[in-house]
Every structure is written in structure tokens, then in C-alpha cells.
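K.L.:
Each chain, written out:
There are 2 protein chains.
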Amino acid sequence: MKRICYPLLFLSPALLFAQEVDQSALAKIRKEGLENSKVKEIAHHLTDVTGPRLTNSPGFQRAADWSVKQLKDWGLKNASLQEWGEFGKGWQVEKSYLAMTKPYYMPFIAIPKAWTAGTNGALTGEVVVVDIQNEDDLKKYAGGNLKGKVVLTRSAADTDPGFKPDANRYTAEDLEKMTNSQPFGQSSFNPEQMERLLKMRSFRSKVDSTLKTQGIKLELAGRTGKHGTFFTSNGASYKGDSPVAGPAFEIAPEYAGLIARLAESGIPVTIEAESKTTFYDKNLKTGNVIAEIPGTDPKLKDEIVMLGAHLDSWHSATGATDNAAGSTVMMEAVRILQATGLKPKRTIRIALWSGEEQGLHGSRNYVKNTFGDPQTMKLLPAHEKLSAYYNIDNGTGRIRGIYLQGNEGPRAVFEKWLGEFKDIIDNPTVTSRNTGGTDHQSFDAVGLPGFQFIQDGIEYNTRTHHTNVDTYERLVMDDLKQMATVVAAFVYNTAQMDQKIPRKELPKPRTATGVSR
Amino acid sequence: MKRICYPLLFLSPALLFAQEVDQSALAKIRKEGLENSKVKEIAHHLTDVTGPRLTNSPGFQRAADWSVKQLKDWGLKNASLQEWGEFGKGWQVEKSYLAMTKPYYMPFIAIPKAWTAGTNGALTGEVVVVDIQNEDDLKKYAGGNLKGKVVLTRSAADTDPGFKPDANRYTAEDLEKMTNSQPFGQSSFNPEQMERLLKMRSFRSKVDSTLKTQGIKLELAGRTGKHGTFFTSNGASYKGDSPVAGPAFEIAPEYAGLIARLAESGIPVTIEAESKTTFYDKNLKTGNVIAEIPGTDPKLKDEIVMLGAHLDSWHSATGATDNAAGSTVMMEAVRILQATGLKPKRTIRIALWSGEEQGLHGSRNYVKNTFGDPQTMKLLPAHEKLSAYYNIDNGTGRIRGIYLQGNEGPRAVFEKWLGEFKDIIDNPTVTSRNTGGTDHQSFDAVGLPGFQFIQDGIEYNTRTHHTNVDTYERLVMDDLKQMATVVAAFVYNTAQMDQKIPRKELPKPRTATGVSR
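Line order of the protein sequences matches chains A and B. Residue numbers for the first sequence follow full-length UniProt numbering, beginning at 1 and rising by one. Residue numbers for the second sequence follow full-length UniProt numbering, beginning at 1 and rising by one.
Since the hints were derived computationally from the structure, they do not count as laboratory data. Check the hints yourself; a few may be wrong.
Said to hold, decoys possible - Derived Cβ-Cβ restraints for the label pairs, each shown as a range:
| hint | chain 1 | residue 1 | chain 2 | residue 2 | range |
| --- | --- | --- | --- | --- | --- |
| 1 | B | I267 | A | A27 | 50 to 60 Å |
| 2 | A | G341 | B | I267 | 55 to 65 Å |
| 3 | A | K40 | B | D65 | 23 to 33 Å |
| 4 | B | S209 | A | D158 | 47 to 57 Å |
| 5 | A | G341 | B | K199 | 28 to 38 Å |
| 6 | A | D158 | B | E173 | 28 to 38 Å |
As the list claims (entries may be wrong) - In silico DSS-like cross-links for lysine-lysine, where the CA-CA straight-line distance does not exceed 25 Å:
| hint | chain 1 | residue 1 | chain 2 | residue 2 |
| --- | --- | --- | --- | --- |
| 7 | A | K95 | B | K102 |
| 8 | B | K149 | A | K69 |
| 9 | A | K276 | B | K95 |
| 10 | A | K217 | B | K217 |
| 11 | B | K139 | A | K95 |
| 12 | A | K95 | B | K149 |
| 13 | B | K102 | A | K282 |
| 14 | B | K164 | A | K164 |
| 15 | A | K95 | B | K40 |
| 16 | B | K40 | A | K102 |
| 17 | A | K276 | B | K282 |
| 18 | A | K95 | B | K95 |
| 19 | A | K276 | B | K102 |
| 20 | B | K282 | A | K102 |
| 21 | A | K149 | B | K164 |
| 22 | A | K102 | B | K102 |
Unchecked claim - So these bits of chain A aren't anywhere near chain B, every CB distance computed over 12 Å:
| hint | residue |
| --- | --- |
| 23 | G85 |
| 24 | K147 |
| 25 | A157 |
| 26 | G162 |
| 27 | F203 |
| 28 | Q338 |
| 29 | G359 |
Quick caveat, the model's predicted, so the values are computed rather than measured. Note that CB positions come from ideal geometry on N, CA and C, so glycine has one too.
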């Protein structure tokens, strides 16, 4: 749900603009970030060495432990995995095998859906293909006739050849358009489209939950992706009190298509499957990695500048662009600042969030525990102390600008700061637009300045975001290096400003249903 | 090896040009091909229903049996799987499972290399990464220290984001260039490049064969491909008397990269694997599917027009673009001719070859048994009776023209025939260029007119040719339909001409080493 907020300027941009950037500090940051980068090493640890980082799984714990230790080693203070409350069950895959055995043998590219049970040893079964487009279709399958079956839910995948590149960067025109044409709060859907989309989503979720009650032996689904790439998701709830759902695999759409076409031709398809998944439900609580570079100005050191990215990932790959990239960049940014020996006036605090993929849980709870409750808008004392929060969560693509989230106050400052990097940012862009889907929103929700950078898309939407091939290979190291350098400068500049970053008007308290009063 | 032959015209193009195309026949072909196409059904049978079609495997046999029956059902005569001699062992995969188990669990996208043994149950082992760039490197591993190990041979994969589209079609400029700038026989490599390439290949093959003698427990290799796509190959010989090679998997390069990077960081990697492969060595002989539409002109019916495509494929997918596409088009072309009720003057013969992927064995042996021996150039009587052979083996992309293979004789005729399809062929192109790597070369080698069509590339080189994702999804049905219609017209026109298609000068006999005298 989006609410339109109109900017109210606490400080005039002109005043902020007057403050010059410390060129000597900037030169140090630039040198350390561009000539002595450690993004390769950090990213290698967060992806290859750690593995998938689903929240509360052993992989997440490994990533958190390593990050805490690494941040301490770089001299950051107060580094810890700071508990924020109850997330739910951890879960990981320990065996994943799926193949067609009749009419001939074919191994499938597949992975168990997150938070589903394993098969409890090897199983075989003939596949029933269900094609559920409407309520009538659904009724056909709700009467128990799928009990004990292997069920493939059919859906149409995009099979067009790739005449468009998988990867892209913003052109000057794209960025120009972004600056000018899409005002804050405008949805890219018209109301009819939005209604259709919501209806479709709600129907899909009804189908999923109906199928779950049918005592199916094994569920298969292959929805999006091509050429061996597929997109993963969860197959059941991670909540501590949720029942355990039966085994389900996400498969590459090619195999879903194969089974469906064979079924249409009346040719029986038999599969064999073996999966083992482990739930971790002894400790349902989890935390965020937090660490600080303490401020040094007696008047300003109690004020905070935050930077963050989510550390958690989905489970079918090593979550390289979503979001080892962001975590790498933020860790590297504080490493750069430490290595330069610069002494920031305000305290700089890094956060590596958990539970982002399931609804920004780590950052939402951190904000609620630290700054205030977006429902009641009861604010805590620290709310006054935060200058800004900077977030990275759009993959591996280099920074091209920043989203103001409708907060016009810092425009001139950000334009100036981006302008210092014209050699490594083509067409630096400040847009009034908001962008959603990640952790800066948790700050925005309580009226704190939370920003996400504009990044080149690269292969984020086509190949990497939530896919089985989001591996170290997908990272463009030169882009990570650029991002870390720019972020380090933004964070340092924010820490040195005479004032805090201007804020929007405070949001109004919401009712319990989440609707604005 | 390529030999330069200069065209010698037996008939003047002007004379051939004089013969008008039968417009009423063309209209019938066009109507049947474009409005009543069966390419979807044929392709579905050859891919989905049949499965992988490695020569002499049960899959190949299923494809051959179905094709023979289908051709008979359409009323073709003399349809059979015509034995051509000894190919070697059949082989198929019956289980394929590979995963990393330490430092964490990750299932791999993988398939056994063709003609390698299975693992004989599940095995586990720590992976040793070998990086062999030169003879000195090779010596390090030739002394028995790899015995009993799981070995990954390292190689650098392309990990750049896909800024270029996976799929392409020829532009008018591309075709213009093809018409004008690349004369027959010109290699795209200069002599130094060619020497380097041959050296590299020979070294690679030496590495492979050395490793095979080291008593390795399991071999892993991940060379080319990205995003879940990988390219497959054979890991051992298919020859009847070749020893059985130990188990080996081809894996998606992402996992090869993962293992290699972990090894560099000193982190032990353990894998678990289970594969089962079956060899079929009772009958080492195999055949090509052959069928005919008998000619009806008393003087010309003993003359033959051939069309063909290879029916065999690699084993990691259903070989859709390589070459169910070509087989589908050729089957559909004869179906179109049968459905129109047209009575060709010459006999039309379709051939669906085996063993193409291992060296054009099916077509080479067919040509040798039927038309003459390219080594001795001892010709058989049928050599005089063949007008032309048309081949399709460049994937799913529509026809844009034809390669003359240096035979300028039919240029005017082909230009005229292509010109009849200007509504469905953009920039129809006749090029003097030769193209290699497939079965028309077997005809060319004995001086018979063998032609391959120019086809749009689509995703052939990037995603489909010899890959694990060469499935039905990769087929562009509208393009197959167009191809079948154009081929049917070419074949029919050839059958109706007053003369046979002009030939190049006969090649000279070769010595036993295959070098021109």
C-alpha cells in the first residue's frame, strides 16, 4: 500500500548546498575504494563460502558470524548480531533430486520450495497435470481426487527466443525520463490493471492453499525463467506455529512444459524424487548484524548515519545479486572509511538485515525497536538522532543516482555529491520518485530519510533476482567497487554536514488495519 | 580440412533460368505448408515423446521407428531404417545426480558425459581441482597422484552479463555481406590462428586421455554456457572395441567456478554423485531412415532428388534445434508433397541420418554405399542419377537463402525459386560460400550437389546447439512452417526440371591420409 506524502522542507536546499564537500577526504575514499578494493573477497565470502542465506538457516548464521567478525577485524565497534524478535523457522535443503523416469529418463533442474517438507526417502509416482484457471477448475480438484498423487500445476511460461539482451544499463534517455516524468507515488498500473493483478494473486494463493489440503504426495511447479534459469519462492509459511507443508519442488519451466505436453498426448509420465529438508525451530528469533564507526564530534557523535543491505537470500543459489551485492558494498564502504583513517563527526552504523525476503522483517523490527512504531507513530528518542539511512538492494549494477522517495529537501546536496563522481557515474540522476520492495521503506514508514540508489539493472530481472543462477558469476566487480566508493562518500558527507538530512512531514498514525486515518 | 574447388558449369544458368516454375503446384504446396502445417505435432513426437536420440540408443531407435511408421502412413514407399554399417555402442543415461555436500549442500545442474560409465551406486569424495595449461602442468598429474580422487578440470567460463541478445536474425546488411564478401573456401581463421586452435585442441585431447589413465574416481568438467545452460559432449569413445571410461559429469560452469574458488580459498569441497548409464553393444550397426515418393515420369523417375537432416542428437536434452528441427522440416516437406497429391517426375527420397554428431557417419556411409567412395572416387551407377541433396541443420531459424558450396551453376535457378517466397523470406540470398559441419558435405565430397540453407541463427550458438536446454520450447513453429514450405517447393521444383542440378568438377581421389593429390 502506498500513501502519498507531500514534501515539507525543514531546511532550505540552498543552505545545505552552501556546505562544501571535504575534497581531501573524498580523495582518500576514492583512492581506497577504487585502488584497493576488497569487494571480490567480501563477495566471495558471502556467496561461495557461505552458501544460501535463508533467514534463520545455518547459512544465514554463517554469513552473520563472518560479517560480525570481519567488521570487528576492521575496527568497527559494537559489532554483533542484534536480535530483533521472532521471525520463525529456519530451513535448509540437504538433498534435492528430481527426474523423469518414464517415458524415458531425464534429470530435472529443480529445488524444493522453501519451508516445505522433504520426501522422506525416495519416492516415485505418476504425474497428474492440473490446469486451474478459475473457480470451477478449482472445484474439480478440491474433492480429494488428488490424494496421494504427484501433481504438476500447469502455467504458461515465456518461451520466446531472447531477441532482447538479458542485461541492460540505463541510457541517458532512461535517466532523463526518470528525472522528469514519473512523479512520486504514481503507480505503473491503472486501477483496472491493479484490480486484475490483485484478483489474480488472490486466486493463485487460494489455489495454492486448496492444493495443500488435498494430501498430495508431491507438488511440482515451473512458472518463470528459461534456458535452465528458474525463479524460486516459498512453498509454505515460515511462522513458528505454521503446520509443515508436504514436499514441493520448483522446476525449470522446460520440464513443466514437457510433462504437460506429454500428458496432453496421453503419455503417462513417471517421476522419481528425493528431497531432504531440515527445519530449525528451536530458536525462532533472529537478528540483524549491526556495527558502528563511532562519531568524534562532541556535539554530533550521538547522531547517526546508517547504511544497510539485507544479508538474507533465497535458497536455490548463493544470492549473489540479491543481496550479497548490497551487503558487500555496505561492508566495503565501512572498510573504506576505516582504512582511510577519517574521523566522522557523526556515528556511522551499518546494518545487514535478516528476513527482508519475507517482508522486510529485520529492518521493520529494528526501526520499531529503535526509532518508533509506524502504526501508532509513537516515536523513540533516537528518532531525532538519525540523519539518513542509505540502502543497496537492486543487484550488481553500478550507481547512476538516487531516489528521493518524494523528499525534495536533500536534492541539491545529493546532486552535488553525485556530481563529484562524474568520472564513474554517467548521467548522475536525482529523482523525486520512490522505489519500493526493500529496507529503506522501513525508515520511510516512520518519517525517517531512507534512500535507495538508482542502479543499472544488468541481469537482475531476467536472470538473477530470486533465481537458481544468482551466483558469484553474476557479480560485476567493477560496479560493486564503484558503488562502495560512492556510498562511502555519501555516508561520510552525511556524517560531516552541519545539519541532518531534511525530512518529509511525519506520516500520520495508522489504524490497526493499516489504512491511513 | 577444406579443399578449394573452382566451379565448372555443365549447363549454362541461362538455360536453367528459362524453365518456369509450376505456379499451380507452388500454390498447393504453399497452402498445405502454411495453412495446414503439422510441424508442431512432428516436432513434439521427435522431442518430447522420443527423448534424447544419441545414435544407437533406445531414444534413437524410438525416433527411427516412429519416423518410418509416420512416413509409411503418409503413403511414402520403401520406408525403412536402412542399415549402413557399424557405428559403435549405443548409450543412455538412467540416473544422474550430483551435488555438493560440503561446505554446504548445493545440487548441481549436470549430466554424465556421453559414453562414460556410471558411478556404480552413490559415491562421495573430496574434489581436487586441476588446472592444466601446459605440458609441465600435465606432468604433475600424470604420476598417479589423482588415483581414487574426484577431479575437476578447471577452465575459464564466460561470466559477462548478456548485453547482447541470445537470439538474432540476419539483417539485410548481414545477408548482403554474405552474398558479396566471403568467397568460397575462405577460412575465417588466419594460418597462425588456425595453428593455435589446432594445437589447443590437440593439447586438450591429450589432457583428457592422460586423465583417463589415472584411475580417477569421478571426473567433473564445466566449460561453456551460463545461467543454467551448459554444453555437452562425449567423454569417451563410442567405438565397439573402445575400453569403458570411468564416470564423468559435464556440469554447469557456475558450479565448476564455485568449486575452483573454494579450493583457492583452501576450503575442502565434498560432492556426492550417483549416475547409471547403460551401454548397448549387442548390435554395433545402425541405419538411416529412408523413404521415397516415387517419380512418375517414365524417363526421369529413376533420377532422384534427396532431402535430409540428421535424426540423432546429444543426450542432455531432447535435441530440439539440433536437429529435431531439421528432421521435422524434412518430414513435413514430404508430408506437404503427399498431401497436395502432386506427382513428381523424379523420385523424391528423404533421409534422416544417424551418427551425424560423431562425424556425419550416417550420411557418409550412405553416400559411400550408394553413390561412390570419396577416397578413391570410384563412383557407383546411382551417382549419375542424383540431381541434388538438400539439408537442414542450423536450428530453428527460418530460411533466408542457400549456400551454393562454390557451385555457381544453380545460382539463377535458386534465385528464382527463393524469389517466389519473397512474402515469407526477407532478403532471399544465394551465396557462393560453403558451410560445413553437416551432412550435405558427404554429398559434396563425391562431387554431388549438396546444399544447406541459410537460416536465421536465433539462439543456436548461445543457448541451444549441444546444450542441456535444447528442448521443444526452443522451436519457433512459424519458422519451421516456413522452412518446410520452402524446402517442399525446392524439392518439387528440382524433381520437375528438364535437367538435373548442375555439378561442380569432380573431386580428385585422395590418398589414404585424406590429403589431395
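K.L.:
Taking the Cβ atom of D158/A and the Cβ atom of E173/B, is their distance within the range 28 to 38 Å?
P.N.:
29 Å, holds
K.L.:
Against the 25 Å threshold, does the CA-CA distance of K40/B and K102/A hold or violate the hint?
P.N.:
22 Å, holds
K.L.:
Checking one constraint from the list: CA of K149/A to CA of K164/B, max 25 Å. Satisfied?
P.N.:
Violated - the C-alpha atoms of K164/B and K149/A are around 43 Å apart, more than 25 Å.
K.L.:
K276/A and K102/B: Cα distance at most 25 Å?
P.N.:
15 Å, holds
K.L.:
Is the straight-line distance between the alpha-carbon of K139/B and that of K95/A 25 Å or less?
P.N.:
37 Å, violated
K.L.:
Taking the minimum C-beta separation from Q338/A to chain B, is that value above 12 Å?
P.N.:
23 Å, holds
K.L.:
When you check the alpha-carbon spacing of K102/A and K102/B, does it fall within 25 Å?
P.N.:
With a Cα-Cα distance of about 32 Å, the restraint between K102/A and K102/B is violated, given a limit of 25 Å.
K.L.:
K276/A and K282/B were given as a pair; does the straight-line alpha-carbon distance stay at or below 25 Å?
P.N.:
This hinted pair is violated, its Cα atoms lying about 40 Å apart.
K.L.:
Please work out if K95/A and K95/B have their alpha carbons no farther apart than 25 Å.
P.N.:
15 Å, holds
K.L.:
Is the Cβ of G162/A farther than 12 Å from every Cβ of chain B?
P.N.:
4 Å, violated
K.L.:
Just checking, K147/A versus chain B, shortest CB gap more than 12 Å?
P.N.:
28 Å, holds
K.L.:
How does the Cβ-Cβ distance of I267/B and A27/A compare with 50 to 60 Å: does it lie in that range?
P.N.:
For I267/B and A27/A the Cβ distance comes to about 37 Å; the hint is violated.
Hints 1, 2, 3, 4, 5, 8, 10, 11, 15, 17, 21, 22, 25, 26 from the earlier list are contradicted by this structure; the remaining hints agree with it.
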